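Bring the two chains, given one by one in their own frames, into a single complex with the hints.
Taken in sequence, the protein lines are chains F and V. Mapping to our numbering: the first sequence position 116 is 187, numbers consecutive. Mapping to our numbering: the second sequence position 230 is 227, numbers consecutive.
Simulated from the structure, these hints should not be mistaken for laboratory data. Hints are not guaranteed to be accurate.
[What the hints assert, rightly or not] Rough simulated footprint, nothing fancy, chain F against chain V, three-plus residues with beta-carbon under 8 Å:
no.: 1; stretch: 78 to 91
no.: 2; stretch: 102 to 116
no.: 3; stretch: 282 to 292
no.: 4; stretch: 301 to 315
[Stated by the list, open to error] Here are some chain F residues the structure puts well away from chain V; computed CB gaps all over 10 Å:
no.: 5; residue: Gly140
no.: 6; residue: Lys210
no.: 7; residue: Lys293
no.: 8; residue: Lys361
no.: 9; residue: Phe382
[Unchecked claim] Taking lysine to any residue and the SDA-like style, the derived pairs with C-alpha atoms no more than 25 Å apart in a straight line are:
no.: 10; chain 1: F; residue 1: Lys173; chain 2: V; residue 2: Pro103
no.: 11; chain 1: F; residue 1: Lys173; chain 2: V; residue 2: Glu240
no.: 12; chain 1: F; residue 1: Lys173; chain 2: V; residue 2: Pro41
no.: 13; chain 1: F; residue 1: Lys173; chain 2: V; residue 2: Ala93
no.: 14; chain 1: F; residue 1: Lys173; chain 2: V; residue 2: Pro74
no.: 15; chain 1: F; residue 1: Lys173; chain 2: V; residue 2: Leu172
no.: 16; chain 1: F; residue 1: Lys356; chain 2: V; residue 2: Pro74
no.: 17; chain 1: F; residue 1: Lys327; chain 2: F; residue 2: Pro247
no.: 18; chain 1: F; residue 1: Lys173; chain 2: V; residue 2: Asp79
Note that the structure is a prediction, hence the values are computed from the model and not measured. By construction, the Cβ of each residue, glycine as well, lies at the ideal position given by its N, Cα and C atoms.
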Amino acid sequence: MAAALALSACSSSSTGTASTSAATGAASAAATSAPLDASLTGTITAGGSSAQANAETAWITAYNAQVKGVTVNYDKSQGSGGGVTNWLAGSYDFAGSDSPLKPDQVTAAAAQCGAGGALNLPVYLDGVAIIYKLDGVTKLNLSTETIAKIFSLAITTWNDPAIVADNPGVTLPATPITTVARSDGSGTTQTFTNFLSQAAPSTWTFPASNAWPVTGNVSSQKGGSGVVQAVGAGSGTIGYADHSAIGDATAATINKVEFSQDAATAAFAAAATTVPTGTGDLSQKIDYSKLTGADVYPIPLVSYQIVCTTFKDAKQAELAKSFIGFVASSVGQKVAAKNAGSAPIPDATLTEVLASLATVK
Amino acid sequence: MSDKISVQSAPPSSAGGSGSTSTKTPGGSPQNAAASRGGTRVRPGDFIFRFLSTGSAVLIMIILAGVALFLIISAIPAITADWGSNDQLNTGPTAAFPNFWAYVGPLIWGTLWSAAIALLFGAPIGIGIALFISHYAPRRLASVLGYLVDLLAAVPSIVFGLWGIIVIRPFLIPLSDWLGANLGWIPIFGGPVTTTGSTILAGALVLAVMILPIITSISREIFLQTPRLHEEAALALGATRWEMIRMSVFPYAKSGIVSATLLGLGRALGETMAIALIISPAILVSVKLITEGQNSQTIAANIALNFPIATTLQRDALIGTGLMLFVISLVVNSIARIIVNGKPLGRKKKSTPAGPRTPGPLSRVPAGDFASATALDVVSGSSRAGKPGDEGPTPEEDIEGARY
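Just chain V, same shape as in the assembly (with noise of 0.2 Å):
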């Protein structure tokens, strides 16, 4: 096991010297340089992989950097124009609009309207999914079960969209009647209640099932990483499985699981074909879930759904839209890395002492990295005292087997 991290932690160290020192060629690896200077085969390999991966880092930078500025310069000429007057802009989709931020403001609304009902469903149960595979499925119903979860994330998502349409639309109806009858007075469930079942509430539990591989597979990791000792100390204080749960994995998981829900939310964000086929959209603010004409529409099903027949000047204002999920998803996902940098660093830092080499390249790997985290808790968890006792809590092989 030792073998295998020794030679895991090794291409990063080299990795994240080279990128610290990209200047200073000669002397990038001061401790092994004088082992290696005798054997210049090596130098061509070490240039090359250097090359290739600074550039592969800065490639990213450029590409993210090339959207940022098509979508700023496209989105220009729809934002500036005035869409009453304007003849490309005054009919079809764009009609009825004054200007751009009358059109995107109920487009970002019922994006984020329909993530976080999404989120709502979505995010309790990808964690209960978690903690079951990481804290109470016996080891072969966990590898199973973690298995089929991460196939999830496989299906694409126009099978769920379809799927959205022909089981849960029909599903929910009478859901959707019975809770019009009953509780039409709350506003969310107000309104004439929908007859085809293309609502909202339809679309956004779809959206769940779909954001629940994310959200359970980070939470999965972050979870079997808690350290023994806690647990097993909870335990023996007399702790039930629960309480030792909340006690002290929960505490020590908690960023670990805002960031995973704030991916899940970004992934949310984005989606497009399922809510493009289930939804029956409306351009406007609405928080009713249940009706079939006021169902807030989201921002990349807009454009999937009006992109075909745009104008120029429509198109350019369908990619002023997607501007703004661009600025939504960056902040949702700065988010999620301020959130996730803040405590694990603080671990990590706590570790150092362990293994000499590995924080260097580890500290600088991004927070959303979570293999390189759990492969940092595996280094410090072949120090972990704990035994597999008669009922603690997952061995060590279940957890290698919850994972593959």
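Only chain F is shown next, with the shape it has when bound in the complex (with noise of 0.2 Å):
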């Protein structure tokens, strides 16, 4: 049965240039996840990150195709920090969250999931995309030092030379720039500011956060597609979200790199690295500087399960890892991909992913 699903979902994926890649990812994922226990039975609750939610639901029909008997209820209203707090009050068997635990939070993980504390899961991959709408102007391209001074709203007119001197032969209008952020707080505005000030750290003198950073001349809009309707409706405006999630909006190429997901995929093999809180933790640090290629997409954007090491409940946590098993599975990934639009973990970090799993009881 499992083997059918990869079949099928290997053969309806739509990224026909990586099927040599995603033959072999169908093949370790075979490997190394043994097949579903489809006598399972019990309900699975969880919550977070918004970003995950649309992966969530594919996952959760997915696996519910093969584990009857399991009901998955993922609760995305709480965001990642109030999914991580519900998590440590231990209301959830997993938190979705796009930023691996705190250091205040791994010590709360401890007190909740004994002395083996929690493990942060890389299951999620997208990339935060920069639109923008601007009359006459379809294709854009950005470099990450303009990107930083349109951000920082240090250059304020589309015809400013900076933006000119990356877009050759493009006519730009002397619209002035509005940028539009977020106003509630983000895992992806958490991303962009990590990539703008690490990629861009004299322009961009504003810290990492998820809250936007910049005042002034500001459209704060609550939520991705608050971002993406502020920038659809206004002219001139320009703004970041999840790629998964901007439509029909035009994104721009940045540093003549346009999204793909076999281009975040390539990202995340190159730039990131485990650094882990504890033992089997596999919480990642994206190098941005070494996202220069013209393969690899310049921002990449990783969200997490959240579980313990021990779980209080042996039943649950056997629910937990079937489920999660499942996700971090290729099959998973590649459900995800095809039906949220997220990119696929490279298979390196989904076996790692898996091995960590396996400690958990």
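Here it is as structure tokens:
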């Protein structure tokens, strides 16, 4: 059954160019993840990151096709922070979070999970897209430095020499630039400001933060959809959002790299290193300075599922291991890629996730 | 009609009597005691009903006290923390603030400012609608309009928010451009003019629509209570319709209008989702109406936007801002109560001889309970001398019609 699904997911994958790696991915998944135990019954309660929400829906549907007795409830209304809080309080079996646990949360997790603490398992990969609306300009390329200047409000018109230099041959109007950011705290903002503060430290003097740090002529909107809406409704607007959520909006290329699932996966493979907070933990640190090649997307966005190493209830541990094991299989990654537009996590990392997951009890 | 009224007024009478004499169980209702002494079947029901109503009254006070206590206890760690050096507070949304008061101050301003603008637009229109329904509209139209305005209250605020984003924001952009170009020298129209339209002006206009139902329905009830004799006296003295309204309706309804407005203000202060969706917020004190980045954030919207990512202490800080909103709402509602208690109670005393049994319980009815006030007026209205004249104000039937 699992193999059949793997094959069908593989054959229906839209990323035809990556067929070789996809095929090997399916093979390694079959090797690393045990077939799902269809006899499990119970309820998994989880919640957190809204970026993961579409992927969670796809995962749950695909998972339930095989394991009918397990109900998975994922509450995206809490956001990453609320998800972690509820998980720390013992309400959730796992939390979805756009950032790994912070030091104080690691301490709190030790109290909740016992001596082994918690595991941050990277299971979701997307990219932060730079979207814009500028009448008459359908293709736009921005260098990292120019993005930092635009979003720090150092550049205020579209025909600024810096933007012109990034777009030879394109006629840019003298329209004022309006930057659009998130008004609510967000993992997307955290990722984007991380990127800016590392990739353009001399231009971007603001801290990396989950709340947009620039004040001034900034349009702040609630949620990624709010940003996409405001960019689309305005004129001369530019904003950032999860790539899987931008819809029809026009995305700029960053350093001439266009977002694709392959480019995001390649970026993760090239720049992510594991910075564990404990044994088996897989918190990732992205080194954005490595993301300068033509085939890697410069702003990958990683999201995690966070579990205890030792569950209070062994039955729940079994259920969570089964579900997350599916999520972290290359079948699960393809399901999310197809239905939620996310990029698959590289196989090497998935193998590590499954190995860490195996230690959960 | 009078049968119905006596039925209506009976339960409050016994409830009010029991409320005031809850300790004296046997002699709770002296008049009825003798009559009902023989029938012991009535007494368990009496006891249960008194217990339930007293219990409900006590419960709501316990809940209110519990909420206040929760807010205070949760807020204390954030209020007392050193925001500059605390790792949880010097990051993210609370990073730029030296202490709690620097954080909550601009939020309080934004809350009051947006609500004030909303009132500026909402109150005159709401009162105008109420006046139209009560004194100008034909009966059929009045009832439909009243129903529609009440329906407006049932629209969820997130729908208002989406309406604000998709309709009102683009609609106001040309106006903002014009104001910025021609009146930009006035501080409230200054600053870089918006391009996405997510201004406090757009938010406040949507808020104004949201507070219309409460202002309209309360004002309408008050206007309908204007003594017919006053109105007809004014008309008989040669007043036009407008002069009659100015001389007899407005003076009579003044306190009611004020309290309707203040209750609308209370609604505006606490509105969350529409504001969170529409306005591009910043935590600063600003009076600018049409800018992108200088719209003062409100307390409720700020909580909604930042709660999901808050650290433990940031959450406490947000709860602290909620405590401030709680206090502000309490003050506003208290003022509304005091004002509405002023005049109508005096009027009720005058009507005491007309209805011997009603004044006691009704004077104890919370001042905001306009349904009871209306019920009282229907009682006294039955003794009104006015006949529906040719050009006279709305007949009694229209009042009923306007209500539903």
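A quick look at each hint next to the structure:
{"no.": "1", "hint": "78 to 91", "result": "holds (count 5)"}
{"no.": "2", "hint": "102 to 116", "result": "violated (count 0)"}
{"no.": "3", "hint": "282 to 292", "result": "holds (count 3)"}
{"no.": "4", "hint": "301 to 315", "result": "holds (count 10)"}
{"no.": "5", "hint": "Gly140", "result": "holds (32 Å)"}
{"no.": "6", "hint": "Lys210", "result": "holds (22 Å)"}
{"no.": "7", "hint": "Lys293", "result": "violated (5 Å)"}
{"no.": "8", "hint": "Lys361", "result": "holds (26 Å)"}
{"no.": "9", "hint": "Phe382", "result": "holds (23 Å)"}
{"no.": "10", "hint": "F/Lys173 <-> V/Pro103", "result": "violated (29 Å)"}
{"no.": "11", "hint": "F/Lys173 <-> V/Glu240", "result": "violated (69 Å)"}
{"no.": "12", "hint": "F/Lys173 <-> V/Pro41", "result": "violated (60 Å)"}
{"no.": "13", "hint": "F/Lys173 <-> V/Ala93", "result": "holds (20 Å)"}
{"no.": "14", "hint": "F/Lys173 <-> V/Pro74", "result": "holds (20 Å)"}
{"no.": "15", "hint": "F/Lys173 <-> V/Leu172", "result": "violated (46 Å)"}
{"no.": "16", "hint": "F/Lys356 <-> V/Pro74", "result": "violated (32 Å)"}
{"no.": "17", "hint": "F/Lys327 <-> F/Pro247", "result": "holds (23 Å)"}
{"no.": "18", "hint": "F/Lys173 <-> V/Asp79", "result": "holds (20 Å)"}
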